[in-house]
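Model the full assembly from the supplied sequences, consistent with the hints where possible.
2 protein chains.
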Amino acid sequence: MLSSNRSVTVPLGDRSYRVVIGQGLIDQLGALLRRANLEGTVALITDDRVQPLYASRATSSLTQAGYKTSLHVVPHGERSKSFTAAEQLCESLSRAGIDRSSVAIALGGGVIGDLAGFVASIFARGISYVQVPTTVMAQVDSSVGGKTAVNLQLGKNLVGTFHQPLLVIIDPDSLQSLGRREKNEGLAEVIKYGVIADRTLLDDLHSAFEHRLNQVIERCVAIKAEIVANDEQERSGKRELLNFGHTLGHAIEAAAGYGRLLHGEAISLGMRAAAWLSTQKAGLAVSEYERLIRLLREFELPVTVPPDLLSRDIMERVFADKKFRAGQIRFVLTSGFGTAFVSEKITRADLESAVESLRELSM
Amino acid sequence: MLSSNRSVTVPLGDRSYRVVIGQGLIDQLGALLRRANLEGTVALITDDRVQPLYASRATSSLTQAGYKTSLHVVPHGERSKSFTAAEQLCESLSRAGIDRSSVAIALGGGVIGDLAGFVASIFARGISYVQVPTTVMAQVDSSVGGKTAVNLQLGKNLVGTFHQPLLVIIDPDSLQSLGRREKNEGLAEVIKYGVIADRTLLDDLHSAFEHRLNQVIERCVAIKAEIVANDEQERSGKRELLNFGHTLGHAIEAAAGYGRLLHGEAISLGMRAAAWLSTQKAGLAVSEYERLIRLLREFELPVTVPPDLLSRDIMERVFADKKFRAGQIRFVLTSGFGTAFVSEKITRADLESAVESLRELSM
Chain A
32 MLSSNRSVTV
42 PLGDRSYRVV
52 IGQGLIDQLG
62 ALLRRANLEG
72 TVALITDDRV
82 QPLYASRATS
92 SLTQAGYKTS
102 LHVVPHGERS
112 KSFTAAEQLC
122 ESLSRAGIDR
132 SSVAIALGGG
142 VIGDLAGFVA
152 SIFARGISYV
162 QVPTTVMAQV
172 DSSVGGKTAV
182 NLQLGKNLVG
192 TFHQPLLVII
202 DPDSLQSLGR
212 REKNEGLAEV
222 IKYGVIADRT
232 LLDDLHSAFE
242 HRLNQVIERC
252 VAIKAEIVAN
262 DEQERSGKRE
272 LLNFGHTLGH
282 AIEAAAGYGR
292 LLHGEAISLG
302 MRAAAWLSTQ
312 KAGLAVSEYE
322 RLIRLLREFE
332 LPVTVPPDLL
342 SRDIMERVFA
352 DKKFRAGQIR
362 FVLTSGFGTA
372 FVSEKITRAD
382 LESAVESLRE
392 LSM
Chain B
32 MLSSNRSVTV
42 PLGDRSYRVV
52 IGQGLIDQLG
62 ALLRRANLEG
72 TVALITDDRV
82 QPLYASRATS
92 SLTQAGYKTS
102 LHVVPHGERS
112 KSFTAAEQLC
122 ESLSRAGIDR
132 SSVAIALGGG
142 VIGDLAGFVA
152 SIFARGISYV
162 QVPTTVMAQV
172 DSSVGGKTAV
182 NLQLGKNLVG
192 TFHQPLLVII
202 DPDSLQSLGR
212 REKNEGLAEV
222 IKYGVIADRT
232 LLDDLHSAFE
242 HRLNQVIERC
252 VAIKAEIVAN
262 DEQERSGKRE
272 LLNFGHTLGH
282 AIEAAAGYGR
292 LLHGEAISLG
302 MRAAAWLSTQ
312 KAGLAVSEYE
322 RLIRLLREFE
332 LPVTVPPDLL
342 SRDIMERVFA
352 DKKFRAGQIR
362 FVLTSGFGTA
372 FVSEKITRAD
382 LESAVESLRE
392 LSM
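If you read the sequences in order, they're chains A and B.
Residue numbers 32 to 394, in this note's numbering, belong to the letters of the first sequence in order.
Residue numbers 32 to 394, in this note's numbering, belong to the letters of the second sequence in order.
Check each hint, because a few of them may be wrong.
Identical chains blur together in the list; that is why a pair holds if it fits in one copy or across any two.
The calculated DSS-like cross-link candidates involving lysine-lysine, where the alpha carbons are at most 30 Å apart (straight line), are [to be verified]: (1) K99 <-> K354; (2) K354 <-> K312; (3) K99 <-> K376; (4) K353 <-> K99; (5) K269 <-> K312.
It should be emphasised that the hints constitute simulated quantities derived from the structure, not laboratory data.
Note that the structure is a prediction, hence the values are computed from the model and not measured.
See below:
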């Protein structure tokens, strides 16, 4: 069964690791950890929504492979990406006897991956961990690349570490338990990969996602693996391309109050704004911009901001995240889908008009 | 003036850094940062006891050198080595506009160094920092080597990172403001370096500390630099030697309740117990053991545990920190002062008798 799986390697020297994609892999967790020569006790970290779905299957598989396993459950949702949740997890790991030789498993969506990865990077000054993403967003994007994070009041992901997992195990079957809204928010990240790196991902996305799910996941992961291999710690500008739609998206998500907009929904808004700015500053064809809007709407992703969200509040959050130097900010634009670049010449006024572009739908 | 300073290099490849030791260096902070080519805004992190003593001098020096500086003050004492204090610091840095290109300065004792180093390692996924230790303990030991930490309920330093500073600036003049108890607790770490690496440090310690202060600091830092260079992340066993007296010391400190015993006082007790065990298991001469007790008492460091501290509670804390494998624990012993080794054969019963050795003084 394992032989029919797809696999992508993230090449990072002695920190290289594999991303394995295949139906039913949650039941193979223990065997996959053994195959990767992981030893020590296992801390299974998940949230209260994923726990009833997959925790017992995961635990059985680990037990069968001979791993002593403890379970650590946090409340679901963005509010768990906090210092408080990280501290409670660390206390829980400590009570369970987890030590430097143990392995943590992040079983869940983007919040669990970011939080458990962060905890793994600081508990006992760093322990190994494995990502087992169960949402579209986490499977196509956040489980790969080693960025961990918790939020601050002023903005998302302002605290975190670079801590690569030892293995990523993706079971697309787990997406069947997602509601429509959760599935759709994950597609925002697939659309991002289409815009910045491979426009074929945008073609017939609906049927592709139904019928060629594993291929879509593999393609997104392969794009991310290549980018991360070239710029692990986001120093050269290459990895910044993954932030397409995220500068304004994060600001909108934080200004709305965590939990009101799903991450992918905020990114949908950020991508529309970035594409609009690309028509103004990078020669993106208006027809492409309109195509993006149609695509986002096809998956019920928002393309206009809630009217009560003030531009002033959104702009304030941008400042928490990004530095303006001589009045200009680094910002990812696209001159045509399938390629993107970092502009250093976006002004505050540019961003304000981009936010205003989200006030109406003129199509 | 700078030319009369002493300097030790911690050789860690592209993470190598200098430890500069010299009277009055707090007034040279800005110039030293410029000389090290540090750019960006500066976050000066300190506690409410050090702030009135040195914060304005440090800030003046930074301002004179052209650095835009913000000040971040936490309550003094071990209780600030917490997730709560780390979160408040991160929020404060975020409000002050600190970003990836900024530099944090840890101005204070071991608590500030560990806490500010931890915050520097996680804020914006890691920013640069400089250690400016102001206590004996921090100057001879904790400011060098890149270990950062906060505490959990079950034990000290159970959470943290390895994050090397870019520079360590030691101004021995700052020790003049310490009370006698604080000075003495720092000498516990000097005695540790004497026991594990250089017995000449133990000779005439009192006058050495008064008259050859810079040399004593330099010698301890040089020993630590060599050990850290050989085993940065404590994997080979070499760095473990620095834990002499710390396994039981940390357990005693936690069991007593943070703040009751100073760190160095708990280490004094841990060292007596480790030396006693060394007489039983490593052939340490009883005369050496008795010499250690005399030295500790000379500096008013405790050599017997408070009677209300139960051995059971102390042993429970040992379990939070260390793993017994097949009933045995790794533990640092000495067969003669000036050298130490890691034994893998210490049992729970051995540790219990070592704790009992702290119940009375039979000299």
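Structure-based check of all given hints:
1. K99 <-> K354: Classified as between: cross-chain Cα gap 15 Å, same-chain 46 Å, threshold 30 Å.
2. K354 <-> K312: For K354 and K312, the Cα distance is within 30 Å only inside one copy (20 Å; across copies 59 Å).
3. K99 <-> K376: Result: close only across copies, 24 Å inter versus 54 Å intra.
4. K353 <-> K99: between (44 Å within a copy, 18 Å between copies)
5. K269 <-> K312: within (20 Å within a copy, 57 Å between copies)
Consistency with the previously given hints is maintained throughout, with no hint failing.
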